[in-house]
Structures are given as C-alpha cells and as structure tokens.
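Chemist: Build out the structure end to end from the sequences listed, making use of the hints.
Here's the letter readout for the chains.
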Amino acid sequence: MGIFDKIKEKFKKKEKPQAGDSKEVKEKDLALESTKEEAVFDTETIKKDMKNMGVEIRLEGLTKEFVEKKTNRITVAVDNFDVTIPAGKLVGLLGPSGCGKSTTLYMISGLHQPTAGRIYFGDDDVTNLPPEKRGIGLVFQNYSLYPHMTVKQNIMFPLENMKVPKEEAEKRAQYMAELVQIGDLMNRKPNQLSGGQQQRVAIARALVKMPRVLLLDEPLSNLDARLRMQMREEIRRIQRETGITTIFVTHDQEEAMSISDEIVVMKDGVLHQKDKPQHVYNEPVDEFVAKFLGNPPINIIEGKIEDGKLIVNGKVLEKVKLEDQPIHLGIRAEFFQVDPKGRLEAEIEFLEHIGRDTMVIASIEDASKTFKALVSAQTIKDLEVGHKIRFNYSSYFVFNAETGERLI
Amino acid sequence: MLEWKKDGWKAAIALGPTLLIMAVFTFYPIVNTFIMAFRNNYKFLSGVDEGFGIQNFVTVLSDPRFLGALKNTLLMVVVSVPITVILSILIAVALNSIERLRGFFQTIFFLPYVTNTIALGLVFNTVFHKDFGLFNSLFNLGAVDWLGAETTYWRAFFVLMVYTVWNGLAFKIIVLLSGLQNIDKQYYQAAAIDGASKWRIFRKITIPLLSPMILYTTITSFIGAFKVYTSVISLFGKGAGASNSFGPDNMLITVVGYIYNKLWEAGTPFGVASAGSVILFVIILLITLIQRRVSKSRVHY
Ligand SMILES: Nc1ncnc2c1ncn2[C@@H]1O[C@H](COP(=O)(O)OP(=O)(O)OP(=O)(O)O)[C@@H](O)[C@H]1O
Ligand SMILES: [Mg+2]
Chain A
1 MGIFDKIKEK FKKKEKPQAG DSKEVKEKDL ALESTKEEAV FDTETIKKDM
51 KNMGVEIRLE GLTKEFVEKK TNRITVAVDN FDVTIPAGKL VGLLGPSGCG
101 KSTTLYMISG LHQPTAGRIY FGDDDVTNLP PEKRGIGLVF QNYSLYPHMT
151 VKQNIMFPLE NMKVPKEEAE KRAQYMAELV QIGDLMNRKP NQLSGGQQQR
201 VAIARALVKM PRVLLLDEPL SNLDARLRMQ MREEIRRIQR ETGITTIFVT
251 HDQEEAMSIS DEIVVMKDGV LHQKDKPQHV YNEPVDEFVA KFLGNPPINI
301 IEGKIEDGKL IVNGKVLEKV KLEDQPIHLG IRAEFFQVDP KGRLEAEIEF
351 LEHIGRDTMV IASIEDASKT FKALVSAQTI KDLEVGHKIR FNYSSYFVFN
401 AETGERLI
Chain B
1001 MLEWKKDGWK AAIALGPTLL IMAVFTFYPI VNTFIMAFRN NYKFLSGVDE
1051 GFGIQNFVTV LSDPRFLGAL KNTLLMVVVS VPITVILSIL IAVALNSIER
1101 LRGFFQTIFF LPYVTNTIAL GLVFNTVFHK DFGLFNSLFN LGAVDWLGAE
1151 TTYWRAFFVL MVYTVWNGLA FKIIVLLSGL QNIDKQYYQA AAIDGASKWR
1201 IFRKITIPLL SPMILYTTIT SFIGAFKVYT SVISLFGKGA GASNSFGPDN
1251 MLITVVGYIY NKLWEAGTPF GVASAGSVIL FVIILLITLI QRRVSKSRVH
1301 Y
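Line order of the protein sequences matches chains A and B. Each residue of the first sequence is one higher than the one before, starting from 1 at the first, in my numbering. Each residue of the second sequence is one higher than the one before, starting from 1001 at the first, in my numbering.
What you were told as hints is all true, and nothing was included just to trick you.
Derived CB-CB ranges, DEER-like:
hint, chain 1, residue 1, chain 2, residue 2, range
1, B, Ser1178, A, Ser194, 27 to 35 Å
2, B, Ile1223, A, Tyr120, 57 to 65 Å
3, B, Arg1100, A, Glu241, 43 to 51 Å
Here are the simulated lysine to aspartate or glutamate pairs, EDC-like style, with alpha carbons at most 20 Å apart:
hint, chain 1, residue 1, chain 2, residue 2
4, A, Lys189, B, Asp1184
5, B, Lys1198, A, Glu160
6, A, Lys388, A, Glu345
7, A, Lys372, A, Glu302
8, B, Lys1185, A, Glu132
9, A, Lys267, A, Asp79
10, A, Lys70, B, Glu1099
11, A, Lys341, A, Asp382
12, A, Lys381, A, Glu352
13, B, Lys1198, A, Glu132
14, A, Lys274, A, Glu262
15, A, Lys291, A, Glu405
16, A, Lys274, A, Glu405
17, B, Lys1071, B, Asp1249
18, A, Lys171, A, Asp184
19, A, Lys372, A, Glu384
20, A, Lys369, A, Glu352
21, B, Lys1185, A, Glu68
22, A, Lys267, A, Glu405
23, A, Lys276, A, Glu262
24, A, Lys69, B, Glu1099
Hints listed in this document are in silico derivations from the structure and should not be mistaken for laboratory results. The beta-carbon is built from N, C-alpha and C at its ideal position, and this holds for glycine as well.
Modeler: Following this line, the structure appears as structure tokens:
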C-alpha cells in the first residue's frame, strides 16, 4: 500500500468510524477526541509519513511523436526511452535544449499521453492514468503559481482538491511552508515574492499532497548564480528529508552533477547514458556525453589510427588495438601535465591565470583547433606565449570520428 | 517618448480633430445639460429662465411616470444583467473548450452584434407574432399576443428580456473569449497535477483569472441596461412620440424613453429632460463606483 493510499485511508477512518458496538464506538471516538493532536496530523506524523515514500520509476520504450497539423510533419521528441529511476533517489535529467526533457517529464506526470511505451511507478502501470491519479508533484519551469491565490491558498489547493479537512490541510500547508522556509510569507501573493521564494512555494505545493514522485522542470533556470547554488542545496536537503523519488530536469551539466545521485543524459529524444555523475564524467559512453559534461569542455583533437598506432599531427602518441580509421582524441583540460619529455608538442597561444592553476591555450601545428590544458602554475613559470611546450596526459578517450562511439 | 516641444504639434494634429468633434458633440452638450437642469422654467428658444434652482428635479422626482420608468429600468437591469453575464461566461467557456467548429459558432454568436437593432426588432416581431410566430407554434401556445395591443406587462417584459440578452451576448462573448485565451495553459496543467475537478478548475482558476473581463462586461452591461431605449422601440414602437412607443400605454417606458418623451412634450421646459438625464447619470455613476469598490477585493488583475 502506497503512502498515498495510507493517507486516504486515514481520512476515511476519521470520517466514518467503523460500525460495531455503539458503546465501543463512543469510546473510540472519545479516544480520538482526547488524542486528536497526535492521532490526526501533527508535525511528527507528517514527518514520519513523508519518510521513505519514494517509488521506483520505470520507463519502457517510451516514445512521443508530435504531429504538426498542417504539414503532417512528425517530430519525435522522445524516442524509445528505457530507463529505471531507483526509489528515493534524486536523478538529474540532462540534455541540450529541445532534446525532449520536458516532454519526458510531462509523460511521467500524465499531462502528455505517450505515443508508445509504458510507465511504471513501482509495480503500478500508470501509463493510462490521468495526472491527478498518479500522485505526482510537478514544479514547472516557470513555477505556474496561481497568481490570484496567496501562498497559503496555493499550497492548500491540492489538499482541498483531495477534500482534506480544513484544519489538517492548514497544518500540513504550514509544515510544508516551514520545510521550504517560507512560513512567514503565507499571506503574500506570488507577484510579491522573489524568484527563489516563488520556487519554494512551487515546491511546497508539489510536496504537500505527499506525492510518490517529484518532478522538477529546470526550476532554477530563472535565478541568479548565487541563489541558484543556494536553492540547489535546498532541493537536495528537502529531497533527503522526504526521501521522495525526484527527477530534476536541467541543461546545466554542473547543476546536474552537483545535485544528483545519478544523471541521465539524453539527446534528440534518445538516452545516451545513465550513471553516477562522477562515473559519467570519467567514463562517458560517447563523444556527445564527453563533450556535454565538464567545464571547460573536453578537448577534441583530430587524429587517425594506422597500423595499430594512434597518430596526431604526424606523430605517434599511443599504440592501440584498433582498426584503421579517423578518430577524435578526447582529453580533459585537467588530464594534462607539463612534461619536457611529453609526447604531445604544441605552441602556447594564450595563458590564463586562475589562482594556483594556469589555463594554457595551445595549438597543434596542423590541427586547426586550439586546446586547453589546466596545469599547475609552478610548472610553466618560465614559459611565455609563442614558446613551444610539451604535455603528457594521465588519461584519454578515443572516439570514432563519424559516429562519436567510444573506442577507448 | 512624446516631448511637448518637439512632438507637441504632432500630437495636436493627431488628437485635434477628435477633440474638436468631441467638444462640440459630447462635452458641450454634457455641460449644457447640467446647466439646463438647474435653470428653472428655462425656455430654449428665447433663452430666458426664472433663475437657478432645483425645480426641474422636483418635477421629475414627483412625476409618477418617471418613477414608473425608473422601476421598469431597474427591473430590466436586475433581470438582464446577471442573465447576460452568466450566459456569456458559460458560452465563452464552452466555445473555448471546443476545437472543431469553434469559428462557426463564434460567427453565430457574433451575428447579432453586426446586425442592425431595428432589423433584429423585425426578426423578433416575426418570431413572436401572435398568429404565425415561430415561438407560439414551437411551444404550441395558440394565439398568444406578445408584442401587440393585447399583450400583458410580463409577456412584453419577457420578450424584451430575451431580446436584450440575445443582443448583448455577442460583444460579451467576444471579450470573455479573448480573456480566456489569454489565460496561460500552464495554470490548467498545474491544476490537473493538483487534482482539481472540472468544477473546481472553473470556480477557482477560470473565474478568478477571468475576473477583470467579467467586471468589465458587468459594468458595461449595467450601463447599457440603464440606457435601454432603442430595443424597446424596435420591439413595440409605432413611431417616436406616440403614446404606445413603449408597448401598450407605454407600460415598458424606460428612463431614457421618459427623457426623450419629455423633450418633445409641449409645454414642458427642456430642464425637465435635463434633470432626468442628470439623475440617470448620477445613478449610473454611483452603481459603477459601488461595483468597483465591491469588486476590488474579488478581481485579480
Ligand atoms: N506540443 C508540441 N507540439 C509539437 N512539437 C513539440 C511540442 N512540444 C515539444 N515539441 C518538440 O519536441 C522536442 C522536445 O521538446 P521539449 O520541450 O521536451 O524539449 P526540452 O528538452 O524540454 O528543451 P528545453 O531545455 O529548451 O526546455 C522539441 O523539438 C520541440 O520542438
Ligand atoms: Mg523544457
């Protein structure tokens, strides 16, 4: 039995005491009466109920096609998406703009009907359930607070729809408001709140009905950098406190990396990789994922494989067991070290001093592009722009130049 | 930004003609009406009066026919305004929720707006005709007289209300429909997530977000209903000034009708009609102010 049902059960019980010996019923009622505070809904019960209520989300072959009415052109927004989101975890859904993140979220919430595929919450197939029956909370990209209602009315709206008695609804709303630290703003209208406060109201409204799943659609995109950091941690804290399965959509890789237990990287409606943030960073499955994660973006250096040798700029860098083919060598800026005996020779184009480290922007003779190397300032203190420099690298990726598939 | 020194003459050219026309045909008559209303026994042609006073108001307010006209008008306001507003909200919401044939229905509801009042009156005269009217035959009522000499007050009033509501719907539906289309769809998505029933969405989302438009249509239909005149004539009129222009015995005469009749009544000073106009003006002003005050707490801009 889901927490959702449990809560409903609770309210049912309160409304209709079980039939039986009338004396007994009376006694029960009295008992209820005397312990009303605890029995019905005090903060502790809410806290307890809100623990461990996450549910696993499973998407199987999820597909969404939009058909343009006039031209009959089909856009495949989400394409055969298979992913399992573990119960109680916070998962970042990451991808470039227009890759189908919102569409995926809307299908999970029930606002969009999938063209094909199924959605499971735990063991329940919810594919054909309307949004209100799914027990989800959704925070929209622009919050969508009801502008004519106060903060309190906004938060209480889902509860009123569930016909929660007023007194309890108020208690729960207050509890939620305090959890997201807006307890003293209850009588304001949304347009009297800052962006960050509005967002917290939206989260409170999404959480107050104790959903099985919390969906956040780029909730931080409207905030300034500082507030964004602060809210990130807040979301993380609330998620931990409630243990609710959460999907957090963003196209900011740093945000996804810092907040998520796992990240799901998608592009053009297709799943590319799903794993722990650090693992996705260290072991990207293809060039797209490698490029999408990390700041500065990973350096891609053109090269080729010939007779089992990896060749860049006419020089052999590595011995590899691969077929002959054009490749992209991927090396992250921090993989480089300055080394007079290093295999990669380049010319310094620009030096950018960042505290203890220095970003070297260097070029290889006949490769058209420059690359960035983040090295300790100590190691290059004698070097200037125009000088030759040699690098070694601690790690590297090799991708097929056409498909982007990871080879090494 | 408009700067007077540089752009003043442009503004003057743009606004000038309109202001001039309004000055001659609107502002001057309004001011004059107020002045005339307070001139006792003012003769328009010779321009003489017997000083300033409130004689005209005393005449009007003690005239049982004015009080009758006021009663008629208030009744029309009280009946037609709520019906028109509620009906137009329902129709607008219904139109907004259908996709196919929306344009077709919009045209149908908009037709009365672009149709001449007198032509509409003729249509109603046919529909409610005693002997071969559609209404009587549709409801199998026999030869009931709705608009002729044998009609009763309430029958005539009924037809007038049907006419007024039908006539007023078009404009209000258009205004409300545009208001509805301006409501962000995301509020409805949010409400679906929040598990609101259709009725609660209508009550708690649509109505409040539409409230500025509703207030606007309510105020305009109040004002319109207080000024009812042509519709009564076009339904019952047999020529201006005739004793039965507003139904048998002028029983459905309105305040504007009363004012108009007073203009033409031999031996009645113009000031009487002016005083009637001023009283109507004050009533409309008061009601609008009250509405604005009352709705302040309920309308969400
Ligand atoms: N209602 C719709 N009708 C037609 N095409 C749509 C519709 N909604 C989305 N799309 C298309 O589906 C694709 C995915 O859109 P979606 O909104 O899911 O992207 P997103 O990943 O959320 O992007 P962003 O980061 O910019 O919000 C886009 O190409 C978009 O044009
Ligand atoms: Mg989006």
